[in-house]
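A.B. asks: Going down the list, the protein sequences come from chains A and B.
Position in the first sequence (first residue = 1) + 11 = the working numbering.
Position in the second sequence (first residue = 1) + 11 = the working numbering.
Treat the hints with care, as some may be off.
Pulled a few chain B residues facing chain A out of the computed Cβ check, cut under 8 Å [claimed, not checked]:
hint, residue
1, Ser151
2, Phe302
3, Gly304
What the hints contain is simulated information worked out from the structure, not anything from laboratory work.
From a predicted model like this one, the values you see are computed outputs, not experimental measurements.
The beta carbon of each residue, even a glycine, is placed where N, CA and C say it ideally should be.
Protein chains: 2
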Amino acid sequence: MVDVAILGYGTVGSGVVEVLTTNKESINKKAGKKINLKYVLDLKDFKGDPIEEILTKDYDVILNDPDVKVIAEVMGGVEPAYTFVKKALLKNKSVVTSNKELVARHGAELLQIAKDRNINFLFEASVGGGIPIIRPLNQSLTADEIYEITGILNGTTNFILSKMADEGLDFETVLKEAQDKGYAERNPEADVEGYDACRKIAILSSLAFGMHVDFEDIYTEGITKITDIDMAYAKELGYDIKLLATSKKQDDKVYAMVSPIMIGKEHPLSNVNGVFNAIFVKGNVIGDVMFYGKGAGKLPTASAVVADMVDAVKHLETNIVSFWSTKKMKLTSVENISSRYFIRVASHSDRKVKDTINNIFGDVEYIKGNNKMQEVAFITQADTEKTLSEKVNQIKNMESISQVNSIIRIEK
Amino acid sequence: MVDVAILGYGTVGSGVVEVLTTNKESINKKAGKKINLKYVLDLKDFKGDPIEEILTKDYDVILNDPDVKVIAEVMGGVEPAYTFVKKALLKNKSVVTSNKELVARHGAELLQIAKDRNINFLFEASVGGGIPIIRPLNQSLTADEIYEITGILNGTTNFILSKMADEGLDFETVLKEAQDKGYAERNPEADVEGYDACRKIAILSSLAFGMHVDFEDIYTEGITKITDIDMAYAKELGYDIKLLATSKKQDDKVYAMVSPIMIGKEHPLSNVNGVFNAIFVKGNVIGDVMFYGKGAGKLPTASAVVADMVDAVKHLETNIVSFWSTKKMKLTSVENISSRYFIRVASHSDRKVKDTINNIFGDVEYIKGNNKMQEVAFITQADTEKTLSEKVNQIKNMESISQVNSIIRIEK
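Work out the full structure, taking the sequences as your base and the hints as a guide.
C.D. replies: This is the structure in structure tokens:
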């Protein structure tokens with residue numbers, strides 16, 4: 012028998028209790044030992060709840076109990092999670108977590124502590140809740156040099172974009188519906204501005220490339236500027252607009268970026284809709300691999316936390332190696348990244364504006380839209396981010412252009 | 012340093028050598044030890060090949076070398092592979108294999124030998140070449156009770172069906188092209204009759220449900236009867252026809268089946284085209300998860316073999332537990348499985364035939380086709396396989412029906 016504790020009895024924490032209860036028998040069989048939930052830490056009271064008897068408000072009780080070998084941290088946020096987790100590891104207790112802020116910020120350090128003490132720090136649930144990705148990256152793709160990871164890593168924004176595409180609604184309307192349904196937070200910034208996806212791609216990149224990728228270095232753009240007009244154009248072009256988090260290695264340089272991208276129907280990520288997430292990995296020998304599942308939600312996330320608890324129980328005194336050194340990776344500037352761009356500009360005169368566009372962007376592909384605004388939409392040839400931004404600055408100053416309405420990258 | 016050997020220097024074997032050479036540095040780092048390829052077993056000569064110096068025709072040389080700790084069996088076929096692998100395990104050498112015939116037939120026994128001796132028998136490459144699925148099933152989905160696995164598990168048939176759908180060609184034409192391109196064998200039976208997919212779903216079901224599923228018990232139907240006319244109807248209906256291998260657990264009963272199925276565009280497997288494969292898993296807490304990648308091919312398969320070699324090297328004296336007991340699972344008859352069916356019948360008189368159809372099948376959905384044959388196509392309501400086959404026998408004997416041209420299951 013192995014005693015375990017859960018820190019935090021919110022959505023994920025109560026999901027973990029539910030999973031441990033529902034699948035008790037098969038989980039114990041797979042762990043090879045009986046998993047005994049000895050404590051749940053939470054500052055609130057839960058009168059009448061089955062966990063009431065094992066609830067504690069004092070973390071030291073858990074920390075000082077030598078029988079507790081595995082702790083699941085599902086509180087979220089950097090503090091006090093970081094302090095709690097570090098203390099646990101220093102007491103030779105393995106920790107599993109669903110906390111992406113914690114892992115993105117302190118993952119390398121916490122992994123090192125676990126390694127030094129021959130215990131484990133596991134975080135499958137921190138990226139793409141119900142998608143097994145961390146373990147496959149660490150253990151299944153070991154024959155490969157990975158050179159690209161691209162994912163739809165945020166369920167809220169994917170739900171919003173899918174609904175905008177399906178129903179022709181605008182961003183604000185769909186966001187409000189998502190908030191009403193509980194799919195989006197009252198303060199939706201972390202999701203819609205891409206910050207959540209940014210932390211997740213930082214974690215994946217660190218594991219794939221073996222060095223610490225600081226999430227603050229990653230170019231991040233959210234979906235708040237995507238309009239129903241952009242969606243209508245995308246549909247016309249046979250494209251989907253998705254918030255993609257990507258990191259690529261080219262000539263030993265790595266760049267990472269989170270931004271809305273237009274992708275074609277033949278792209279495996281284009282069929283990933285609603286609250287589903289998917290992560291696409293390219294290896295130099297395995298080729299393209301994709302992992303698909305629910306990116307969030309109480310039970311999918313709890314499933315990943317419990318799978319990590321099973322692994323931690325199976326490896327009580329063996330470190331499951333990860334390659335994420337504390338050495339910081341210097342990302343290359345996105346300025347050098349090249350793609351084609353979808354651009355919409357508002358104009359005073361249709362003929363003149365096309366001359367201007369062609370003068371600045373060269374040959375472009377004009378798109379007929381269904382909307383009645385006085386604007387011109389076109390797709391550029393491949394340009395680097397740097398050149399594109401120079402050209403956009405140029406066009407902004409032209410007399411025939413009143414405004415640049417939209418710029419969206421297109422996956423080559 | 013750990014000495015390893017490869018049995019078989021065909022497509023996969025030479026791929027394994029290539030991967031070990033190309034990614035040498037990162038592979039050694041991930042294995043935590045230098046992997047030294049000491050022998051390659053093959054009966055042919057390979058004059059001038061880099062492996063010429065380590066080539067042997069005598070298996071006993073490998074078997075009796077105590078330094079060889081890990082053997083990769085990539086010969087294919089049941090014998091002599093089975094004898095070789097068993098002997099290796101009994102000499103306490105871990106074995107990794109890409110051989111689905113071997114694993115489907117003797118997997119449970121070989122796993123047990125490995126377990127008893129605290130070594131490993133690993134077979135990630137035996138199902139879906141480049142798709143990490145065995146390790147995720149064993150290690151990532153441990154918190155779940157799995158109740159369904161459905162996959163596109165054969166690249167050749169998926170290539171043929173995709174091409175038939177895209178280009179409106181008939182089966183024979185596309186098969187010939189696939190053979191000319193080397194995507195299909197000269198004798199294509201194992202692929203097009205579904206036998207290959209059958210062995211793979213037997214392996215996956217055994218792991219998911221923890222008991223031995225005998226591939227000979229699995230109802231198996233290939234794609235040879237699918238015509239360009241069926242494809243045209245499917246297109247009209249917005250469906251894809253895919254060869255699906257599936258096993259489902261309902262009320263503690265498990266059934267398994269390989270057959271062509273019509274699936275809607277919203278099904279995650281519908282976008283899996285060409286030589287790509289994908290495996291869809293449903294767990295009671297994680298929900299839907301899908302794994303996607305190249306199902307075959309030299310390098311993707313070799314990548315999986317080498318990843319298993321890395322794992323075997325990391326766990327030289329620790330058994331990585333699998334739950335596949337030698338106890339045989341009794342599958343429930345597919346007779347009780349219910350679906351809707353697409354049916355085409357040739358008729359002498361259009362009005363009369365519809366009366367006959369409605370008398371036997373009740374309310375059905377008639378489909379307008381573009382072909383000029385005198386036939387009627389319709390979709391039935393949900394029926395069990397047993398009832399369906401009784402109704403089909405009935406209709407075959409009706410005067411107004413000259414022939415039943417097609418019956419294809421539709422995923423509910």
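A.B. asks: Taking the hints in turn, state whether each one holds.
C.D. replies: Now the hints, each set against the structure:
Because the smallest distance between the Cβ of B/Ser151 and any Cβ of chain A comes to about 3 Å, under 8 Å, the interface hint for this residue holds. A hinted interface residue such as B/Phe302 counts as satisfied when its beta carbon comes closer than 8 Å to some beta carbon of chain A; here the least separation is about 6 Å, so the hint holds. With a cut of 8 Å, the hint placing B/Gly304 at the interface with chain A holds, because the nearest CB-to-CB distance is about 4 Å.
Violation of the numbered hints given earlier is absent; every hint is satisfied by the structure.
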